[in-house]
Each structure stands twice: as C-alpha cells, then as structure tokens.
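**Q** Please model the complete structure; the sequences and the hints are all you need to start from.
Protein chains in written order, with our numbering: chain A, 628 to 928; chain B, 110 to 381; chain C, 8 to 386.
You may find that some hints are simply not true.
Said to hold, decoys possible - Derived, one-sided and incomplete: chain C residues facing chain B with beta-carbon distance under 10 Å:
(1) P98
(2) A175
(3) T367
As the list claims (entries may be wrong) - The calculated BS3-like cross-link candidates involving lysine-lysine, where the alpha carbons are at most 30 Å apart (straight line), are:
(4) C:K385 <-> C:K310
(5) B:K164 <-> B:K144
(6) C:K145 <-> C:K127
(7) C:K151 <-> C:K127
(8) C:K156 <-> B:K364
(9) A:K925 <-> C:K38
(10) C:K344 <-> C:K385
(11) B:K334 <-> B:K164
(12) C:K287 <-> C:K237
(13) A:K925 <-> A:K718
(14) A:K718 <-> B:K334
(15) A:K638 <-> C:K344
(16) C:K151 <-> B:K364
(17) C:K287 <-> C:K371
(18) A:K638 <-> C:K127
(19) C:K179 <-> C:K141
(20) A:K823 <-> B:K144
(21) C:K349 <-> B:K364
(22) C:K38 <-> A:K638
Since the hints were made in silico from the structure, they are not lab data.
No residue lacks a Cβ here, since even glycine has one placed at the ideal position from N, Cα and C.
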Amino acid sequence: MMGAIGTFFRKRIVIMVPYAWLTVFFLIPFFIVLRISLSTSEIAMPPYSPVFSMADGWAGWMEKFNLLSFDNFVWLTGDPLYFEAYFSSVKIALISTLLTLLVAYPIAYGMAKAPGTVRPTLLMLVILPFWTSFLIRVYAWIAILKPEGLLNELLMGIGVIHEPLIILNTTYAVYIGIVYSYLPFMVLPLYSALEKMDGTLIEAAEDLGCTPVGAFWKVTFPLSIPGVIAGCMLVFIPAVGEFVIPDLLGGSETLMIGRTLWNEFNANHDWPVASAVAIVLLAILIIPIVFFQHLQAKSAE
Amino acid sequence: MQRWTPFNIVSVVLGFAFLYIPILLLVIFSFNESKLVTVWAGFSTKWYVSLLSNKSVLDAAWVTIRIGLVSATIATVLGTMAALTLVRYRRFNGRMLFSGMAYAPLVMPEVITGLSLLLLFVAMGMDRGFWTVLIAHITFTMCFVAVVVQSRLLTFDESVEEAAMDLGASPVTTFFHVTLPIIMPAVFSGWVLAFTLSLDDLVTSAFTTGPGTTTLPMKIYSQVKLGVTPEINAVSTIMIAIVTVGVVIASIITKRQELQRQRDERMAMAQP
Amino acid sequence: MKSLGSIRRSFAPWSDPNSIPYISIRNVTKKFGDFVAVDNLSLDIYNREFFALLGASGCGKSTLLRMLAGFEQPTSGEIVLDGQNMAGTPPYRRPVNMMFQSYALFPHMTVEKNIAFGLKQDGMPANEIAERVKQMLKLVKLEKFAARKPNQLSGGQRQRVALARAVAKRPKVLLLDEPLGALDKKLREETQFELMDLQQELGLTFVIVTHDQEEAMTMADRIAVMNAGKVIQVATPPEIYEAPNSRFVADFIGDVNIFDGKVTAVTGEFVDIEAEGGVKLRMVSSEPPAVGQNAAAVIRPEKIRVTGEKPAGRANALEGEIWDIGYLGDMTVFRVKLDGGKIVKASSLNAVRAAEDPLTYDQKVWVSFDENAGVVLKD
Numbered sequence: 628m629m630g631a632i633g634t635f636f637r638k639r640i641v642i643m644v645p646y647a648w649l650t651v652f653f654l655i656p657f658f659i660v661l662r663i664s665l666s667t668s669e670i671a672m673p674p675y676s677p678v679f680s681m682a683d684g685w686a687g688w689m690e691k692f693n694l695l696s697f698d699n700f701v702w703l704t705g706d707p708l709y710f711e712a713y714f715s716s717v718k719i720a721l722i723s724t725l726l727t728l729l730v731a732y733p734i735a736y737g738m739a740k741a742p743g744t745v746r747p748t749l750l751m752l753v754i755l756p757f758w759t760s761f762l763i764r765v766y767a768w769i770a771i772l773k774p775e776g777l778l779n780e781l782l783m784g785i786g787v788i789h790e791p792l793i794i795l796n797t798t799y800a801v802y803i804g805i806v807y808s809y810l811p812f813m814v815l816p817l818y819s820a821l822e823k824m825d826g827t828l829i830e831a832a833e834d835l836g837c838t839p840v841g842a843f844w845k846v847t848f849p850l851s852i853p854g855v856i857a858g859c860m861l862v863f864i865p866a867v868g869e870f871v872i873p874d875l876l877g878g879s880e881t882l883m884i885g886r887t888l889w890n891e892f893n894a895n896h897d898w899p900v901a902s903a904v905a906i907v908l909l910a911i912l913i914i915p916i917v918f919f920q921h922l923q924a925k926s927a928e
Numbered sequence: 110m111q112r113w114t115p116f117n118i119v120s121v122v123l124g125f126a127f128l129y130i131p132i133l134l135l136v137i138f139s140f141n142e143s144k145l146v147t148v149w150a151g152f153s154t155k156w157y158v159s160l161l162s163n164k165s166v167l168d169a170a171w172v173t174i175r176i177g178l179v180s181a182t183i184a185t186v187l188g189t190m191a192a193l194t195l196v197r198y199r200r201f202n203g204r205m206l207f208s209g210m211a212y213a214p215l216v217m218p219e220v221i222t223g224l225s226l227l228l229l230f231v232a233m234g235m236d237r238g239f240w241t242v243l244i245a246h247i248t249f250t251m252c253f254v255a256v257v258v259q260s261r262l263l264t265f266d267e268s269v270e271e272a273a274m275d276l277g278a279s280p281v282t283t284f285f286h287v288t289l290p291i292i293m294p295a296v297f298s299g300w301v302l303a304f305t306l307s308l309d310d311l312v313t314s315a316f317t318t319g320p321g322t323t324t325l326p327m328k329i330y331s332q333v334k335l336g337v338t339p340e341i342n343a344v345s346t347i348m349i350a351i352v353t354v355g356v357v358i359a360s361i362i363t364k365r366q367e368l369q370r371q372r373d374e375r376m377a378m379a380q381p
Numbered sequence: 008m009k010s011l012g013s014i015r016r017s018f019a020p021w022s023d024p025n026s027i028p029y030i031s032i033r034n035v036t037k038k039f040g041d042f043v044a045v046d047n048l049s050l051d052i053y054n055r056e057f058f059a060l061l062g063a064s065g066c067g068k069s070t071l072l073r074m075l076a077g078f079e080q081p082t083s084g085e086i087v088l089d090g091q092n093m094a095g096t097p098p099y100r101r102p103v104n105m106m107f108q109s110y111a112l113f114p115h116m117t118v119e120k121n122i123a124f125g126l127k128q129d130g131m132p133a134n135e136i137a138e139r140v141k142q143m144l145k146l147v148k149l150e151k152f153a154a155r156k157p158n159q160l161s162g163g164q165r166q167r168v169a170l171a172r173a174v175a176k177r178p179k180v181l182l183l184d185e186p187l188g189a190l191d192k193k194l195r196e197e198t199q200f201e202l203m204d205l206q207q208e209l210g211l212t213f214v215i216v217t218h219d220q221e222e223a224m225t226m227a228d229r230i231a232v233m234n235a236g237k238v239i240q241v242a243t244p245p246e247i248y249e250a251p252n253s254r255f256v257a258d259f260i261g262d263v264n265i266f267d268g269k270v271t272a273v274t275g276e277f278v279d280i281e282a283e284g285g286v287k288l289r290m291v292s293s294e295p296p297a298v299g300q301n302a303a304a305v306i307r308p309e310k311i312r313v314t315g316e317k318p319a320g321r322a323n324a325l326e327g328e329i330w331d332i333g334y335l336g337d338m339t340v341f342r343v344k345l346d347g348g349k350i351v352k353a354s355s356l357n358a359v360r361a362a363e364d365p366l367t368y369d370q371k372v373w374v375s376f377d378e379n380a381g382v383v384l385k386d
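**A** Following this line, the structure appears as structure tokens:
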C-alpha cells in the first residue's frame, strides 16, 4: 500500500541507484566473462583476442564477433582434469554439506531447547566465529592437522595411535575445513526453525502415544525441513566454488574447481579458459542459486 | 521444548568446543617463545613486537581498514536502498531481476565474483588497485546489508510512517526523521557486517587488486603459503581480539537495552 | 412512525436541506487490482458531526478512511473537503489528521516530541509549540508523562498520546481507525465517553471506523453501515436499530427475529403477513408492500414478551414451548420453539430479583408483540 504514498521521483531514485550499481558491477561482468570465455588466449595485455573496442564500429564488431568460438568449452570437455575437478567439487561439497548437517543439527536442537535465559548467549557464541576471518579460521587448522601437529601429538600422547595420521593435505582435511567454516551457516537456520516450534506439538504427539524418538522424527524433524534446506543451500553453493579451504588444507590430489580456476588465471594466465571454467561452474550452480533466491524471496513476502 | 536434557547439553558443549578450540589454540601459540606453532616453549610477546616493526604488514592493515571503512559505508547506503526496494516496492519492471541480483552474491562463489569484476575492470580500462578493490567489496557486501535491513523492514509498522505524513511530514522528512532512526540498529548491524566481511575478504581482493595494493588477508595468505609462523598467529589474534571485543560490547549494549525495555514495560503495566 | 432522531443533542444538520456538507464523498470507487474495495460510494458528513463507519472487516470502511486521509487515491469519483477537491493532495498537505489503530507512535521520541511532531512540520514557533503541547498533555491528562517514551506507557496512555498528537494540529477533521480496538473492555467503555466529551470540547468533525456496533451506537451522531464496499444505511443510532432498512442492517446490528413470508392483506398502514410454519402476523408499515409480495417482519428480542398464559390485547400472540433459557444476570434470553417449528428469541429484563412464576424448560408458552414492535422489509 506504500506505492500510493512514495512519490514517483523518490521511488525512482531508491530503486535506480542500487539497481544500476548491481547491473554494472554484478550483471554486466557476467556477460563479459561469457564473452571472454569464447575468445582465444593471447600473450598480450589483455591476454585474449578479439578485443572489442568502441573504435571498431559496427562492421568491426561483427567481424570480431565471428572470431568468437566455443573452442574453450570443447577443450574443457576434452581434458578429463576439468571434468574430474567439477565432479569432485560437487562430491566434496555434497559430502561436506551432509556432514555439516549431521554436526549442526544436535547443536541447533540443543540450543533451541536451552532455557530462554541462556539462548541469546548461545546464539551470540555461534555467530561470533562468523565475524572472525574465514582465512584465519582455516589457517588455525593447519597447526592442528599437521603430521607433527597438535591432534597427532594428543592422540599419540594418550596412546590411541603410534604413527601420526596424515590428514593435512588430504581431502579429509578439506571436509573438516568446510564443516568447521560453514557450521554457523547451518546452525542458524536450523536453530531459527527449531526455536519457533511450538513445544506443545511434541506434548500433543506424546499424549497421542508417540515415543520421544518417534515424536522427533514425525513432528520435530519434518517441521524443521525449511531450516534444513536453507542451511544446506548456504553451505553447498559456496562450498562448490571454495578456494581457500582446498588450497590451504587440501592436497595436490584434492581437485576443486575454485582452485583450478584460480590456477588457470593466476599461474597460467589463461583468461579465456578461466572464464569458461567460471561459466561452467555457474551453470552447475544456477539451479541451486535460483532455488535459494526463490526461498529468500518467499521468506521476505 | 521445555527440558534441556543431558544429551542436548553435551551436543551444545561439544559443538562449541569444536568451534572454539582451534581459535583458542591459534591464540595460545601466538604467545609461544619458539618459532614452531605446535610445540610450547614458554610465554613470549616477541611476535607481537616484531609485528610492530613489520612495515609491510602494517601497510596492509592500514589499506584493509581504509577499504573496510569506505566500502562498508557506501555498501550500507546502497544496501539500505536495495532493502527498501525489495520490501516496499512490490511491483516495478525488472523486479525479478533486481531481487535476483540482490540475493545472488550471498552465495556466489567468490572466484566467480572476483574474476568477473576483474574482467570488467580490464574491459573498462581501469587501473587496478585501491578503487577497484573498493568497488568489489561494495558490490558483494551491499547484498548482506540488504538482507539485514530487509529483515528489519519486514516487521516495520508502516502506519508509523503514515502517521508522520498525516501530521504533515513530506516523504523525505518522514524517511530521515522517522523511518531511518527506527531502523538504525539494523542499518548499523549491516554496516558492521559489511566492514568485517571487507576486512576478511581474500579471493575477491586478490582478483581485483593491482600492484601496490595489498590487503591484510592477502598478506596473511602469502605468508601462510610460505609456512606457519607465530607471527601470523599474532596478526590473527589481534584481528580476532578486535572483532570479539566489538561483538561482545555490542551484545552487552543490546542486552542492557533489552533489560531496560523490559523494566519500562513492567513499569508501564503497573500504571493505571 | 415517531421521530427517531438524534437523542444526544439537538444536532441534525443532515435533516436540514439548506446545510452544506463538510465532507462530500461522491461516487468514489477504489479498486485494488480486480478487487473492488469501495464501490461507487457517496456520503455526506457535516461539520462537527461524530460520524461512524461501521462494518465487518473487509467491508471497505478502512479503505474509505484512508482515502480521506490521502493514503489511497480513489480509482474514480471525488472527495470534497470544506469546499476543496482533495484529488491529488498528498496526506501531508491535507487538513485532516488520523489516529491509527496501532497508534503508530514514534518509538524513538518522547510523548512530548510525538505531540510536537505535527506542529514542527507546520513550522510553528518553538514557544507556541511548547504551549500547545502543554495544553494537549493537560487535555489527555498526561502532564506527568511528557518525557516518557511510548514503550514506557500503558496501552491506555498510548491511546491518549495518539489522540493528543492527532488533535494537536487542530485538524478540520479527525479520522479515527478503530481507536479503541486495542483496549480492554472496561477501559474501552470509559474512553468512549472521553472521546465524546473531547469532540464536543474541541468542536471537531470526527470520522471513526469501527467494527464494534456498541461503540458506534454509543458515540456517533450518525452511522453508515457498510458491506462489500457499499453503504447500506446511513442513519442515527436509534433509526439504525429500530428501523433498519434491510435484512443486512437488521441482522448486523443487535439480535433480531426475522419472519419471512408473503403479504396476505394490507389495511391502511396494517400489513398481514403469513410467514413460514403458518405463523400469521400483523405489523405496521409506513410504506406497506403490495398484497402477494414477499416480505419479512423484523422484530427485536426485547420487544417480545414470553408468558405462560395467552396475553390479552396483543396484536400478535404465538404458541410454542421453551427450548432454551440463557440467564445473563441483567436479563434472561429465551429461545422459544413455535408450533410451526421456528425458533424465536425473546429477552426480558430481570427487573425484580425473584420472579413469582419462573418459566422453565419445555413449558408451553405464548410469545407476543405489538403491531409496531418491528418493521416490515420488502424483499
């Protein structure tokens, strides 16, 4: 009903400024990525051709347009390295998301059941790590997981193992890193779904003959599904394109597409291939992203 | 949800142990005498002292803070406008696209955001450095601000704005004298979030920066690639300390205000 | 029929053909997409009138009020206020103020600042503002609470701040959107009379929106009963109650018995109706329907007597048995099942503490009422 009040002019400014910003710095860049992914790599600056310029005029543009090709994408399919990188990114992200859910659910559940006086503090404690640097939190695990690191020293000290476990620079370390870094993203939506649940529902279920475990699976869990979905989206989508965690904790055999892209770009300086890698990554993620946006927009209604 | 069972308590305690022990260890070993971060050799603050004379780290910190302050401020203005658009203007041409662009950066892999912005800057012929990193940070943090402010606006009683206009305030006056003061706490949280996200960012900065502009996370990253040292632990500890103190103070203030509000309401109830 | 005019004071500009309406709503329609909230509605409201828009939620009464305030623009039609067409005038340039259902107090301002807000927008000098705010605080008896924030006030106090804020600018018209909706019953009754006194004292025109018929009946000079975006009847409270113009109004206001039937005879102003279940009634009507037409006799429960014996000298007496008795303290409500099967509601005041011959369940009784106890509605 505000539409009638907001004057036309004011409404225009409020909409146009962020709209223009996002168009220029978020939407247009994607088209540039798409365009460059169809170019050929050159040893020059910028390191690709053709380069479109205003001076070319329409005819020049059309001519250069014909030089664009899908070669980079064909090349991506031809090299099993890329296919494996995509496949293992999605696999690692899926497994980590599932692990995060398993770790986060009991925490969120316990938080939601905590006395009302403790809950705000617990909530703050979950959010606090989120404010601290992602890079630092990943870095903290290096000292723990190293062969001569704190975890191995502890385990060998109490005699559980005699040989140091090799965790750092393996995919296991990447799982640990993702679960650790993204845990708050999973706990928060789960907690908010569980916290607003009416406690009398459980009592009603038990009153009608459900065991506590039965009541959990038949009442609590189904009602927390929106939180589960939101949490999984928040973990899965960024995890697929994760760079820092596989780079710092993973080994050379840990193929993840974010890292491949980074290397293609920074080490090989192959901008067209890096762009093609990004386009394919986006294509993989577009369905979950649209789904996530849909959830966001719906919860905003 | 009445009983807090031992199972619940244990899962919460273990969860928090998992979240905090790595950070705690990192902090502890920043005070290690030895150069190794895994063997305790006695208490020392020498890594902090050597940090103070490390000009490249100090320069990086200063760049990071400047980018953080400026980008958070601009992102807050843009993000608040975006939130107003999303909540208040239900129908306009291109709304679908707008809400898509406003939510997508929340989950977009940083490598993609970083790469696409870099290619834009190259296409525009911009010199990369402070300004390009700034633009990149504004772009991805404004969406977080938008989400925070949006959730506040959703519970906003619009009749308060109507009351202001009914009493003769123009839409602009209404916004600055009524709407903005009321949503200010959310706008401020949005700013703080944008600021910390900017401080933390590695990937987007690394893509969009140019020679001469190195942020602290980039500095830390390149050091980590060379090996784990207590000096990195020291820098990290300082960053963690600043954030922790800030968040704890903010939450104490919020808690105080909440208690005050409850007292006020009890007092109000007791009146005829 | 005797005059059923305003009983509160000798104030009835609407019955004077020479008086000029203060607010004229002319053929106003408001659509939200396909939904018609207000449907070609016309209404005149007079200066210093206390006017109530009464209806169930969704009947369009709030939309109409919001159009008067300027928050909504009519899709078609016009609103004229004190001779000025309000089309295109934004809310902040209209000489009307509104009191919101939620009160809409500014949470970040003190009571004083809330009341001063509108005056400041007008650019009133500071000393005059202070003076006016003081007056207003006195008017609503909140002098001691000037420095409080809204969340430090009780519901009743907040309501008074909202009122003071809305009248501080001396608007031509005060619009009130369910002003008492958030108060508990007891406070609501007190506040009704306070509002009436305030209106008299300030000499303002009040337009109130409410779904509470008692509230409308108590306070208003005239009531417009609304349904589905249309005004069904505009009249004084006694007229609305005693002479509803339609089945909807009769049913909406208070309790009612409706006997549907056919007109069998018309003798002068007397109308004979044969209703369902063979019930024969004789009623009075100033505009009697034709013989053979469908008509309904509408009689309020308190106009009906229930007696053990057949009463003498009552035009209508019907036999039945007591189906239900509801004892409410001040009165008793009977539900009597007539021999034809129809249930009739009747209420009687418990004027004495113990009736000599109390009526009981399943007792054979007579229900009776006079010819002029109700109205006849043509279908």
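**Q** If a hint holds in the structure, say so; if it doesn't, say that too.
**A** Tested hints:
1. A cut of 10 Å between beta carbons decides the hint on P98 of chain C: the least distance to chain B is about 5 Å, and the hint holds.
2. Contact between A175 of chain C and chain B, as hinted, is supported at the beta carbon level, the nearest pair being about 8 Å apart and thus within 10 Å.
3. The closest approach between the C-beta of T367 of chain C and any C-beta of chain B is roughly 45 Å, which is over the 10 Å cut-off, so the hint fails.
4. At roughly 21 Å between alpha-carbon atoms, K385 of chain C and K310 of chain C fall within 30 Å of each other, so this suggested pair holds.
5. The suggested pairing of K164 of chain B with K144 of chain B holds, with an alpha-carbon distance near 20 Å, which does not exceed 30 Å.
6. Of the supplied pair hints, the one linking K145 of chain C and K127 of chain C holds, its CA atoms being roughly 19 Å apart against a limit of 30 Å.
7. Of the supplied pair hints, the one linking K151 of chain C and K127 of chain C holds, its CA atoms being roughly 22 Å apart against a limit of 30 Å.
8. The straight-line distance between the Cα atoms of K156 of chain C and K364 of chain B is roughly 19 Å, inside the 30 Å bound, and the hint therefore holds.
9. With a C-alpha separation of about 26 Å, the suggested pair K925 of chain A and K38 of chain C falls inside the 30 Å cut-off, and the hint holds.
10. Using a Cα cut-off of 30 Å, the hinted pair K344 of chain C and K385 of chain C holds, with the two alpha carbons roughly 25 Å apart.
11. Our distance criterion of 30 Å between C-alpha atoms is met by K334 of chain B and K164 of chain B, whose separation comes to about 20 Å.
12. Proximity of K287 of chain C to K237 of chain C is assessed by CA-CA distance (about 34 Å); at most 30 Å being required, the pair is judged violated.
13. Distance check on the hinted pair: K925 of chain A and K718 of chain A sit about 29 Å apart at the alpha-carbon level, within 30 Å; holds.
14. Distance hint between K718 of chain A and K334 of chain B is fulfilled; the C-alpha atoms sit about 26 Å from each other, no more than 30 Å.
15. In summary, the hint linking K638 of chain A to K344 of chain C is not supported, as the alpha carbons are separated by about 63 Å, beyond the 30 Å threshold.
16. Among the hinted pairs, K151 of chain C with K364 of chain B is consistent with the structure: their alpha-carbon atoms are about 28 Å apart, no more than 30 Å.
17. A threshold of 30 Å between alpha carbons decides the hint, and for K287 of chain C with K371 of chain C the separation of about 19 Å falls inside it, so the pair holds.
18. Pair hint K638 of chain A plus K127 of chain C holds up; C-alpha atoms about 25 Å apart against a cutoff of 30 Å.
19. Under the criterion of a C-alpha separation no larger than 30 Å, the hint pairing K179 of chain C with K141 of chain C is consistent with the structure, at around 21 Å.
20. A distance of roughly 49 Å separates the Cα atoms of K823 of chain A and K144 of chain B; the hinted pair therefore is violated under the 30 Å criterion.
21. Our distance criterion of 30 Å between C-alpha atoms is broken by K349 of chain C and K364 of chain B, whose separation comes to about 64 Å.
22. Restraint check for K38 of chain C and K638 of chain A: the C-alpha separation of about 22 Å stays at or below 30 Å, so the hint holds.
Going down the numbered hints, you'll see the structure goes against 3, 12, 15, 20, 21, while the others check out.
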